[in-house]
Amino acid sequence: GEDVEQSLFLSVREGDSSVINCTYTDSSSTYLYWYKQEPGAGLQLLTYIFSNMDMKQDQRLTVLLNKKDKHLSLRIADTQTGDSAIYFCAETNQGGKLIFGQGTELSVKP
Amino acid sequence: SAVISQKPSRDICQRGTSLTIQCQVDSQVTMMFWYRQQPGQSLTLIATANQGSEATYESGFVIDKFPISRPNLTFSTLTVSNMSPEDSSIYLCSVETGRAEAFFGQGTRLTVV
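Chains as they are written, first to last, in the numbering used here: chain A, 1293 to 1402; chain B, 649 to 761.
Read the hints as simulated data drawn from the structure, not as lab findings.
Don't take every hint at face value.
[Claimed, not checked] If you want a taste of the chain B side facing chain A, the calculated C-beta under 8 Å gives, among others:
| no. | residue |
| --- | --- |
| 1 | Ser690 |
| 2 | Leu691 |
| 3 | Glu749 |
| 4 | Ala750 |
| 5 | Phe751 |
| 6 | Gly755 |
Idealized CB from N, CA, C, for every residue including glycine.
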């Protein structure tokens, strides 16, 4: 079946850029998502990208998609301590039915 | 966007009992989804709740254990039946707005003792 993989941990210093990577196996993915989950909270939709796009930028967030390699990344510019959270990559080819990666725990050190 | 409210936000339940989780959306949506997030794990889809028809369950999840209701386009419930400690998880409701945006409620944190 479809699979989504992420590295489990990332540690950066405040002010640096963070890059969280994700790979997926479903070649028929139509949308790919990035969610943020803070401790004890639900999932916050950060951004999403359509599969025919290469890049999407939204303020400090940049999403890059390499469809050939089935690789998705999320870059957070000027990372702040408030960005510390778990970041989930997800994909779908059936609107609303998402397959999630295992999440990357981002730790931002002052 | 869609605002999703879940109730309860957390509960501690005795094994063998059942808990019904409510999900209310501030706009009409065709499809609602229920996910489970086991401790320290990612999210797994339990079922798709369609208004006016039976829910569609994913492999490994059955209606007897997780009955779902979808009485209208803004509301759904998920019941966790005959609970055991293995059911301790966060249960999340999600909606897809038709513009590819998939939003989640804040989740229900269930502990079974």
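Restraint: Phe751(B) near chain A, CB-CB cut 8 Å. Satisfied or not?
6 Å, holds
Given hint Glu749(B) near chain A, where the shortest CB pair must fall under 8 Å:
Hint holds; Glu749(B) Cβ to chain A Cβ min 6 Å, cut 8 Å.
Return the status of the interface hint for Leu691(B): holds when the least beta-carbon distance to chain A is below 8 Å, violated otherwise.
Nearest chain A Cβ about 5 Å off; hint holds.
For the restraint on Gly755(B), tell me whether the closest CB of chain A is nearer than 8 Å.
Constraint on Gly755(B) satisfied, holds at 4 Å.
How about Ala750(B): closest beta carbon in chain A under 8 Å, or not?
Hint holds; Ala750(B) Cβ to chain A Cβ min 6 Å, cut 8 Å.
A closest beta-carbon separation below 8 Å is what the hint needs, so does Ser690(B) meet it against chain A?
5 Å, holds
Hint compliance for this structure: every hint is met.
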